[in-house]
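Taken in order, these protein sequences are the chains called A and B. Counting along the first sequence from 1, when you hit position 106 you're at 106 in this note's numbering, and nothing is skipped either side. Counting along the second sequence from 1, when you hit position 352 you're at 1352 in this note's numbering, and nothing is skipped either side.
Source of the hints: derived by calculation from the structure; they are not laboratory data. Just so you know, nobody snuck in bad clues.
Every beta carbon over 12 Å from chain B, so not counted as near; a handful from chain A, in silico: (1) K91; (2) V203; (3) I270; (4) Q307; (5) L327; (6) A355.
Pairs of lysine to any residue, SDA-like flavour, derived with a Cα cap of 25 Å: (7) B:K1330 to A:P116; (8) A:K310 to A:D268; (9) B:K1079 to A:D42.
Covered by chain B, per the in silico footprint, the following chain A stretches (three or more residues, Cβ under 8 Å): (10) 75 to 89; (11) 452 to 463.
Ideal Cβ positions, reconstructed from N, Cα and C, are used throughout, including at glycine.
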Amino acid sequence: MIAQKLAIEVLNAALATGGDYAEIYLENTISENVTLDNGKVDHSSRAQSYGCGIRILQGFNSVYGFTSDLSRKSLLTLAGQLSRRFEGERKISVKEAKNERIPVVNRMHGPLTDVPVEEKIRLLREASSITMGVDSRIVRCQVGFNDSHKDIEIWNAEGSVAHHYKNTEDHGRFFDEAIAKEGNRIESAFEGPGRCASWDWFVHTLDWRERAKKAGETAIRLLSAVECPQGKYTVVIANGWGGVVFHEACGHSLEATATARHLSVFSDSIGKQIASPIVSAYDDGTIPNEWGSNNIDSEGHATQKNQLIKDGICVGFLVDKFNGRRLGMEANGTSRRQNYQFEPTSRMSNTYIAAGKDNPEDILKDTKLGIYVTNFGGGSVEPITGKFNFSANEAYIIRGGKVCEMVKGCTLIGSGAEVLMNIDRVGNDVALGQGMCGSQSGSIPVNVGQPTIRIQNLTVGGRGGKLV
Amino acid sequence: MNAQKFFDLAKAEGVSESQLRIVRADSIAFSTYHHDFDSYQINSSQSMQAAGIYNGKYGTGATEKFGKDSFAFLLGALKSSAQNSEHSNTVGIFPGSPKYKKRNFYNKSLAETPITDKLQLIKEIENRFYAFSPEVSDVPNVSYSESNLVSEFYNSFGLKLKQKRNYFIISASVVVKRGDETKTSGDYIFGNDLSKIDIDFFVKKIVKAGIDQFGGEPCEPKPYPVLLKKDVFAALLEVFLDANSADEVQHHSSFLEGLEGKRVASRVVNIDEKPLLPGPFYTYYDGEGVARTNKKIVNHGVLLTHFYNRETAKKAGRESTGNGTVAGGKIGTSSTNVIVKPSKKTTNELIAKIKDGVFVTDITGLGQGLNPNSGDFSCQAQGFRIENGKISTPLDLITLAGNILQMMKDVVGFDDQYEFIASGIGCSNALIKTMSIGGSKE
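Given only the sequences and the hints, what does the whole structure look like? Please build it.
In structure tokens form, the structure reads like this:
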């Protein structure tokens, strides 16, 4: 997006006052959305995000700026303004730049943004009619497809030779939201599978017809769900999107953004037991074409498979370049950002609890009284204390080892450290689920994942009194 | 940017009427960590959003790239968007309102205050946190951000509107420790006049809120009379305001359907929308170019109007309320400067008769634990017990669950602690007859 000569000029302007690392992140993104409301195309839009972020590091200090004007004058002005935050002498002069080869994790057969909108509409129209056809009490169905194609260039330097990386990121996400109404009661259900994959995958591999049906059926079932009880219970969490528990309760607290500043319950936990011995967990940005995967991270590092917990022992953090300096740890390909308007930092990609030995049916059968959560809306965590909350949008009562009535309005709260220790069963059915994770460097696509797990003594919030 | 050139090109490509919105934003942001500046940002961005009528259909396009091919990109996106739309937009592009109440609340002195003074200010705040109490074990973040925004709105009928505003947000969080207990607390100040901030009050408020959480006890789960702190009430009121969108109501997906002109809250609830209120959120035209006006939304518990854009208004056979927004290719609605009338009662007077209740001071995870269509919600909360008319001990790990419409109907009253919050809502603490509190007490 800019010539090598200009990139070197900008890096040198950034490093003029003693910075020991400078980086230029250039982005040109086309994103497209088409949404059908009750079977009719309500809106479709195409937008372009375009700009550059410049970052300079000096020891434990960082400065960052962005602009959507990529002219020479604008980039040199920004680099100059940022460099003036430091008052030292130049330590690095960039003389040349080397084009770096990057691994290919996500193989695409053309950008999703090149697929004619009419094709997407055809699929969505059928999905909409499946959802609407589930029951006459479905009063509204919004189905849509969001996709983006991002061209990225990174130039960085911490010596006389700058490194130049070129990458593309493609994401596509099908979504289906069904709203059911009966009398004054309104309930909704959402399905949103996504992937870094070509259109063919969405049409032929994704079970979108099933997902469309499921959205409608769940919304209808919720119309007769009873209020969730409140208190401390044994909670069984189904595989896939259930992994949001680990993501919120533990994953964020293992990011270097929190651990490097001792702002996490797990700050000094490497080598220590932080989870039940039956728990192992990974963050893996290299799973081909998965929603959270990428060829390289936002700093140019190749993505990696990082083990975070091994048999209950904390063995690693998610480390970006800047926070790695405080930790004395190497960056491990986990630096991510929403777009050029965000300074990158350590973030999760595809994060999951590894498969255990239990058969998921046995876990349910061995639970006398408890809550079975099969789907979540999402959640949040406060990394310093590890306190989290997440909301279940599909949950059931377990009585005598059997899944019984559906409940609504179910919130799980607790602390990450406690929950990890209280996992007493881990299934063998690991699966991944897609979501958007919002944090310091913006909103990014992530996979959460786990097999079926059981947690003892978890606080459940709802309006249904005590569970009997 | 030559808007007329865009309109001429649009016309030549068969776009019968069009509008162009241009936003330029400059911002600075920095934060301290352990007496040093660890984050420092200087940003500038620009964006263009076009909308128009092509072959009788409404289409949009947006770009952040300002160059020789930008108009071509916008027109290509607009035409494709219109061609694919099956949505019957019957109102077209808005020519303009007869009158606009334009005022200027841009504070030049904020923009001209040297950056060194702003850096010094947050260093000073960090120092005062440590000096305030030995129980402050860490100050993870004191940050300052300032935005300068210029919005321009043009259409092919000759309408030209412009608005400039600036504001700052100072936010801070602290970690307090007592024995084995660790608590966190944070807050923010916003505005566009730095001379009005009271650092000592800000520091005391945050540290006290952290220290007050020590010694939290489990809570017995059951319905309680609940005093909602103003920030919490404002967060829950936002759900009510979103549900008041005429678009949601007309799609049968709002719990406020069929309630325009009817009782939706207790008689003590009075809510106004005042987009023309002086201050950083002042705005005199909406996303469609319609003049904004101040108006009553809820009068003594009765819902007077939904929020209408031009299209939903036409469907309902009435005028737009000036609440239109254009985002992501869709015309929706939004509200600005929503004011809930406070009372003259002190907090103690308001809760004097509560024997066994809960004061909820913070909620987390509302976005995840909410069904916006039904108004049902369940989320993590933080707060204190109310015993015999007094706020007493802190509560450990509680949840708050309820229904927004029921909550509005159960408002017993408000106190006199009115404050305008950065979300654009002004309100005071609200006492609710009963809400469901979950806790970990067996």
